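Just need the whole structure built from these sequences, with the hints factored in.
Using our numbering, the letters of the sequence shown correspond one by one to residues 69 to 157.
Worth flagging that the hints you see were computed from the coordinates, not collected in a lab. Everything numeric in this text was worked out from a predicted model, so none of it was measured. Idealized CB from N, CA, C, for every residue including glycine. None of the hints are false.
Pairs of lysine-lysine, DSBU-like flavour, derived with a Cα cap of 30 Å:
id, residue 1, residue 2
1, Lys107, Lys72
2, Lys107, Lys87
3, Lys107, Lys120
4, Lys84, Lys107
5, Lys84, Lys120
6, Lys120, Lys87
7, Lys72, Lys84
8, Lys72, Lys120
Simulated DEER-style distance windows between Cβ atoms:
id, residue 1, residue 2, range
9, Ser121, Pro149, 28 to 34 Å
10, Arg76, Ala136, 15 to 21 Å
11, Gly137, His108, 24 to 30 Å
12, Pro88, Lys120, 30 to 36 Å
13, Val145, Tyr114, 19 to 25 Å
14, Glu106, Lys84, 21 to 27 Å
15, Met129, Trp86, 15 to 21 Å
16, Met135, Thr110, 17 to 23 Å
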Amino acid sequence: MMTKEDIREARAVLGKMWKPGGAPLTAQELVRALGLSEKHGTDHVYNMESGKSAVSGTIEMLLRIYMAGGVPPDDVVIFAPTEPRKKAR
Numbered sequence: 069m070m071t072k073e074d075i076r077e078a079r080a081v082l083g084k085m086w087k088p089g090g091a092p093l094t095a096q097e098l099v100r101a102l103g104l105s106e107k108h109g110t111d112h113v114y115n116m117e118s119g120k121s122a123v124s125g126t127i128e129m130l131l132r133i134y135m136a137g138g139v140p141p142d143d144v145v146i147f148a149p150t151e152p153r154k155k156a157r
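Have a look at this one:
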């Protein structure tokens, strides 16, 4: 069973695998990768990381698949599109 430390480690590992620059995934990015509710998912991630909530078998399995090189389906948007910066006048 995954521990709260394992969840933090998964964020770091997946960030290295998926993000330019290798920064850990944010909680919101992990929420999207796991297909959790946008409304309550971030709280659930924080609760798993603090030990307040257990890591479900489904989330554990999906994280293990991702860390072994699996990727989310193409239609899953993990990284929010960024707006180009406006030039200062």
